[in-house]
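Engineer: The listed protein sequences correspond, in order, to chains A and B.
Numbering-wise (our numbering), the first sequence opens with residue 1 and increments by one.
Numbering-wise (our numbering), the second sequence opens with residue 1 and increments by one.
Calculated from the structure, these hints are not laboratory results.
Note that the structure is predicted; figures quoted are calculated from it, not measured.
Just so you know, not all the hints are guaranteed correct.
Stated by the list, open to error - So the derived list for chain A, only partly shown, Cβ under 8 Å to chain B, looks like this:
1) T42
2) L49
3) V52
4) T59
5) A60
6) A91
7) A94
8) A95
9) G101
10) W102
C-beta: ideal position from N, C-alpha, C; glycine also.
The residues making up each chain are set out below.
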Amino acid sequence: MTLWQIVLLASIACLALKFAGYLVPSSVLEKPAAARTANLVTVALLAALIAVQTVSTGTALVVDARVPAVALAAVLFALRVPFVVVVIAAAAAAAVLRLLGWAA
Amino acid sequence: MAARASVADRDPLRAATRSGVAVGVATAAYGVSFGALSVAAGLDIWQTCVLSLVMFTGGSQYAIVGVIASGGLAAGPAGIAGAALLGARNVLYGIRVKPMIGGGFWRKTAAAMLTIDETTAVSTAQPTLAAQRRGFWVTGLVVYLGWNLTTLVGALLGDALGDVRQYGLDAAAGAAFLGLLWPRLRELQPVAVAIGAAVVATALVPVLPAGLPVLLAAAVAVVVGMFDLFAVRAAALDAEEEPT
Chain A
1 MTLWQIVLLA SIACLALKFA GYLVPSSVLE KPAAARTANL VTVALLAALI
51 AVQTVSTGTA LVVDARVPAV ALAAVLFALR VPFVVVVIAA AAAAAVLRLL
101 GWAA
Chain B
1 MAARASVADR DPLRAATRSG VAVGVATAAY GVSFGALSVA AGLDIWQTCV
51 LSLVMFTGGS QYAIVGVIAS GGLAAGPAGI AGAALLGARN VLYGIRVKPM
101 IGGGFWRKTA AAMLTIDETT AVSTAQPTLA AQRRGFWVTG LVVYLGWNLT
151 TLVGALLGDA LGDVRQYGLD AAAGAAFLGL LWPRLRELQP VAVAIGAAVV
201 ATALVPVLPA GLPVLLAAAV AVVVGMFDLF AVRAAALDAE EEPT
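So here's chain B without its partners, still in its complex pose (with noise of 0.2 Å):
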């Protein structure tokens, strides 16, 4: 019978949903070191909760937030174009979850405003069409609420808390730019990458404005990207055991 799913089926949902919110919540609970060290930067309460209501997506927040804590008003170009060139990865992750999605334009624009790492991960991880959907709407749903409510707290807190360096704030947005870095250091290709731009940002924030060294930084991405250095090439292994 159609309507009766069996147990096969209805399992992917439930993991879908389960591995939604489990994301969900993780991420949500940083959202208290962003919002305060978003006060800590100088951003007023309001300005702090615009940024993850509209901008919503962790690494563009903190990088934006971050050049404005070291290079003020002065730093803001660079600030904005930081952001942007991080939150072009989630130009990939439409692409890639665009088919999943379906529905109209009200469906697709909720859909857009949520494509994100995390939604991206837990979507594209689930075995069948039905289960991505859900994991989609699941982590989207959990993470926006979340984090949008612990941004308020960490917001409200970190005017109460004075300097933020007392309580390793400062150490916080390190540690966590690492954590979403992390998983994509699985090839020698982006290790190196990382590698060069670490060296290339850290040699010139004595010699540029703030925000500038991280820019020049994607540049080592770019050259090793067009040229495909450090890649490892498996294209003629590939090519011989293709069936004729």
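Chain A extracted, bound-state conformation (with noise of 0.2 Å):
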């Protein structure tokens, strides 16, 4: 595959998801079970992501910079503190930390 073929076919798939909520009837939200299902399947994917991004290089585990400035990032959307401002902090954090050579 060439990079140009997957960020079509990754960008039409996302398009297409979008136009399908307005095709479905909105009967397929009243089953409890497929509601709950894809609403946590999007709360998985996150998490997962986060963790892959945070601790992984390829298919390597690697904790780095990166693992302080998430963990940063945490306590400040827990003060409420603006979603631009944490992610501006956080990658100042890694960049600091980088700098100072205290992490990788």
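Now that you have both chains on their own, put them together as the hints suggest.
Structural biologist: Spelled out as structure tokens, the structure:
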């Protein structure tokens, strides 16, 4: 697969899903197990992505400046700091730790 | 007089516009980090912009770029599957906002493209139908224009910056996902799923190709959702209070 094929296929798939919501009858959501599972899949994917993006490089587990940076983000989200500020603070924390040589 | 809207009628509209603009600007601001990360992952500027123009759903965009960054072209299929699974929540959003959009084919088509976390959150939070509609379109247009503009800026910057790790942008992706996850952790069930999925994905990283650990972690949600594990049992109480 070329990078363009990957980009276009994934984009079309996500766009098609958006349209699907306007085409399926609302009764789909009346089954509680379906709605509940769909919401939980989003939670599971986001949590898995956080874990993988924070502690892995390729197929190796790596603990570096990302771990304290994401931990800082969690604290700031708990304190209801706005989204953009948290993302910038996390990046800055990782950058500073690397600059000081305290973390890889 | 029906033609002159009272203050009470206009205020919800103004409030909807305000929150739409605020959420839109805040969301658009981190398009810069997406653009830079995407270029760092090996996509060119055009591919990066196509993701923001057509896919236009931040979580899926970060997901596919992250998978390609760690697994390269070989991880393509897993990346596509991950982006689509994460984008599946937009189906639920479409079902929810469809009744407030109204109009014909073209308006629904435009609305479908703009159906994401932010437009659904702002519109469903408004008190009247007119305000819901206003909130949806203001948020959608501000996010769409801003997100695409900042994606381009980020891609151009990322090209010039070189190693994005130096600026901590690799940590920004984890923080951005955490921001999407945080509002969903209000009950025990999603918290249990989040912890379970994170543990499963981390444990599978050394043994599976990039992208697959995240997909398999979704199985945790399917098991918990189907059997309704970790749910707080409120149904029995509700039944007792029901008037006869």
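Engineer: Next, verify each hint and record whether it holds.
Structural biologist: Tested hints:
no.: 1; hint: T42; in the structure: 4 Å, holds
no.: 2; hint: L49; in the structure: 5 Å, holds
no.: 3; hint: V52; in the structure: 5 Å, holds
no.: 4; hint: T59; in the structure: 6 Å, holds
no.: 5; hint: A60; in the structure: 7 Å, holds
no.: 6; hint: A91; in the structure: 4 Å, holds
no.: 7; hint: A94; in the structure: 3 Å, holds
no.: 8; hint: A95; in the structure: 4 Å, holds
no.: 9; hint: G101; in the structure: 13 Å, violated
no.: 10; hint: W102; in the structure: 13 Å, violated
Checked against the numbered hints given earlier, this structure breaks hints 9 and 10; the rest are met.
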